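**Q** As you go down the protein sequences, you meet chains A and B in turn.
To get the working numbering, take the position in the first sequence, counting from 1, and add 87.
Note that the working numbering gives residue 141 to position 155 of the second sequence, counting from 1, and the numbers run on in steps of one.
These aren't lab readings, by the way, just hints derived from the structure by calculation.
Note that this is a predicted model, so its numbers are computed, not measured.
Note that beta-carbon positions come from the ideal geometry of N, C-alpha and C, so glycine has one too.
Mixed in with the good hints there might be a few duds.
[Said to hold, decoys possible] What the simulated footprint calls covered on chain B by chain A, stretch by stretch (three residues with Cβ under 8 Å from a Cβ of chain A suffice, anywhere in the stretch; the number is not a length):
| # | stretch |
| --- | --- |
| 1 | 39 to 46 |
| 2 | 73 to 84 |
| 3 | 116 to 124 |
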Amino acid sequence: GVMVDVTSLYVVNKSGGLIYHRDFGGGKRMDTNDALRVASIWHSLHAISVQLSPVPGCEGIELLEADTFDLHCFQAPTGTKFFALAPPGTPQMPQFLRTVYEIYADYALKNPFYEVEMPIRCQLFDDNLESARRRT
Amino acid sequence: GGRRARAAGGMVCYNFYVFNREGACLHYAEWERPKPVQDGAGTLEDDHKMMFGLTFSLKNFCTALDPTGSEKANLGAPIPIGTGCHFRSFKTNTYALNYLETPTGIKLILNTSKGTGSLQEAMWVIYRDIFCEFVVKNPLYTPGAPFESPQFTARLDQFVKSL
């Protein structure tokens, strides 16, 4: 199948700390410090969007549309956020983020050596993420 | 009763803000707000400050992430008015925030129910045909100052019901 046109992926723990970041090309060069700040800022903006909701039951931003990119965000019930940048109008990004969540559950959470809320350093997570992106 | 904005197409308009470039709220309109401001920011004043802060930060955030922009991400750098990558809207599970920043730094924000389609054109109509027409062109209006105008309000109400 055709590859998922994702530019970059971030996983943020429930405190706003970056636990995973990957650039897939087509976006801005982002070093570790930049990625940490992006994650932390997004965490805050996401929370503020809930405060400002004119309707009760808001769980935060799911899609941010800018001139040159879209940002899609999925928040797991635990508060962990998975967000990705993609070209405007890229289809099936919510499904892709749910797939990433499943990969996180299977290859990070179920890894006995992985400590929750800490940076994800699991080769199987990386490999399965890449497969999901390539739709293989 | 009250000032509701339920469009024929089913879209609901909740509330509307106009800010100047310094962050002062020039106008606030509310049609429905099922979650009272007391449960959010606390006071209307804090709500306005928070809304300006959010949109200001989102604009900086988008400019820093812009894949077509300069090489290095530059979070926190000042962005001249009228430049940068603009965010246009965001959707949550309960509402959509639609945003327009004009070249002079006037910011318009319209919160609606989640519909399909972009409201960017509608935001331009509000700016050009309602704000500019009934506020800016009013000889009694001081540019950059807060305003209340029955004609503006009437036209805005009429327009949002047509969406």
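**Q** Hints broken by the structure, by number, lowest first?
**A** Failing hint: just 3.
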